[in-house]
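Asker: As given, the protein sequences belong to chains A and B, one line each in that order.
Counting from 1, position 47 in the first sequence corresponds to residue 47 in the numbering used here; the numbering is continuous, with no gaps.
Counting from 1, position 38 in the second sequence corresponds to residue 148 in the numbering used here; the numbering is continuous, with no gaps.
These are computed hints drawn from the structure, not numbers from a lab.
Some hints here could point you the wrong way.
What the hints assert, rightly or not - Pairs of lysine to aspartate or glutamate, DMTMM-like flavour, derived with a Cα cap of 20 Å:
hint, chain 1, residue 1, chain 2, residue 2
1, A, Lys-79, A, Asp-39
2, A, Lys-42, B, Glu-178
3, B, Lys-121, B, Asp-166
4, A, Lys-45, B, Asp-134
5, A, Lys-42, B, Glu-154
6, A, Lys-45, A, Asp-82
7, A, Lys-45, A, Glu-56
8, B, Lys-167, A, Glu-56
9, A, Lys-79, A, Glu-56
10, B, Lys-167, B, Glu-178
11, A, Lys-45, A, Asp-57
12, A, Lys-42, A, Glu-56
13, B, Lys-127, B, Asp-173
14, A, Lys-2, B, Asp-134
15, B, Lys-125, B, Asp-166
16, B, Lys-167, B, Glu-154
17, A, Lys-45, B, Glu-154
18, A, Lys-79, A, Glu-3
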Amino acid sequence: RKEVEQDPGPFNVPEGATVAFNCTYSNSASQSFFWYRQDCRKEPKLLMSVYSSGNEDGRFTAQLNRASQYISLLIRDSKLSDSATYLCVVMGNYGQNFVFGPGTRLSVLP
Amino acid sequence: GAGVSQSPSNKVTEKGKDVELRCDPISGHTALYWYRQSLGQGLEFLIYFQGNSAPDKSGLPSDRFSAERTGGSVSTLTIQRTQQEDSAVYLCASSFPGQGYGYTFGSGTRLTVV
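So here's chain B without its partners, still in its complex pose:
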C-alpha cells in the first residue's frame, strides 16, 4: 500500500484479556519496527524485524509481549493478560534496510486497558 497501515485504530479491552495489533508495512520495506508511546511521553522501542527475523527484542517490556512477522510483510504484536500500564499508542514503522533511511510510521493503535 501507499503507507503503513495499522489496525485497529482504537482498542478498548478489559484487564487480563489478550490483544493483537496488526501492522501492514509499505511494500518493499524489509525493516519493520514497533514502538509505543504513553500519553505525554516519548517513543519507547519495542522490537525490530529484518525480514521475518527479529534480531532485537530487547525492548519488549515483559514476556507478556510477543511479535511475529510472516512473509516479510504483515506483523502482529500480541499482548497477553493486558494490564492498565499497557495503555498507550502502539506505533509501527517500516523502512528500507540500512541506516540511511528514515522510518515511515503508521497512524498507530490506541490501546486502552480498563
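Bound-form chain A, shown alone:
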C-alpha cells in the first residue's frame, strides 16, 4: 500500500461548485497532516494544516478521521483561481519527513 493515496482526478467543476478531495494514508502513528496546492510549473505552497477536530479557513474545510486514516479537503464556492493540483501531506513512516500524495488536479471552469 502506498504511504499516501489521493483521488486520481482530474476534477473539472464550474465556478461556484463545491468540491471535495479525499486522501488516505498508511502511517497510523502520523501526527501531522497538511494540504498543499501546487500551480502549474510552480513549487507547492502550504494551504492549511489539518487538525484532529477539523478546521476551516474561509471557503476551505479540512477533516481528519484517524480511525479510518483518512483526510479530506472541501472547497466551497469554487473560484477560477482555485485551479491547481492539491497535495495531501502526511508525516512519513519513519517520522523524519513528510510524504506527499500524488495530488489531485482541479480545474474550475467559467
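With chain A held as given, fit chain B onto it using these hints.
Answerer: The following block gives chain B in isolation, referenced to the frame of chain A:
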C-alpha cells in the same frame, strides 16, 4: 532571507557531467529537505537534514547523488555523472524542527540532462 532561495533556477548539462544545486533556507529553519519532481509526477523525497546532519538519506536514488549542509544553513545537492533520467525539478524546503510545522519550498532548480 524572506524565503527559501535555490540556485540556479535552470540548469542544462550534458550527460556524464557533474552538477551542484544550492539551497539557502529561511533563517532559523533548522530542518531542510530535498525533493525532486519529474514532469507530471509527484514529489519524491531525497534527503532530510536536521542542522548539519542527515539522519535520513533513504531517498537518494543512487550513489551518484550526495548532499551536504554546512553551518546549519546552506545545502548543496550534488549529482555526479548525470544521466537523462536525472532530469527533473529539484525542490528544497525548510521548516522549524518538529512535526507540527509545514514546509516552505523554494522555487526549485529545473535540471535538464541532454
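Asker: Against each hint, give a clear statement of whether it holds in the structure.
Answerer: Status of the hints after comparison with the structure:
1. Lys-79(A) x Asp-39(A): holds, 14 Å
2. Lys-42(A) x Glu-178(B): The hint is violated at about 25 Å.
3. Lys-121(B) x Asp-166(B): violated, 26 Å
4. Lys-45(A) x Asp-134(B): Holds, at about 17 Å.
5. Lys-42(A) x Glu-154(B): holds, 16 Å
6. Lys-45(A) x Asp-82(A): holds, 13 Å
7. Lys-45(A) x Glu-56(A): Holds, because 17 Å separates the two Cα atoms, which is no more than 20 Å.
8. Lys-167(B) x Glu-56(A): violated, 36 Å
9. Lys-79(A) x Glu-56(A): With Cα atoms ~17 Å apart, Lys-79(A) and Glu-56(A) stay inside 20 Å; holds.
10. Lys-167(B) x Glu-178(B): holds, 11 Å
11. Lys-45(A) x Asp-57(A): holds, 15 Å
12. Lys-42(A) x Glu-56(A): It is violated: about 25 Å lies between the C-alpha atoms, which goes past 20 Å.
13. Lys-127(B) x Asp-173(B): Roughly 15 Å separates the two Cα atoms, so the pair holds.
14. Lys-2(A) x Asp-134(B): Violated: Lys-2(A) and Asp-134(B) sit about 31 Å apart, past 20 Å.
15. Lys-125(B) x Asp-166(B): Violated: Lys-125(B) and Asp-166(B) sit about 28 Å apart, past 20 Å.
16. Lys-167(B) x Glu-154(B): Holds: Lys-167(B) and Glu-154(B) sit about 12 Å apart, inside 20 Å.
17. Lys-45(A) x Glu-154(B): holds, 16 Å
18. Lys-79(A) x Glu-3(A): The hint is violated at about 31 Å.
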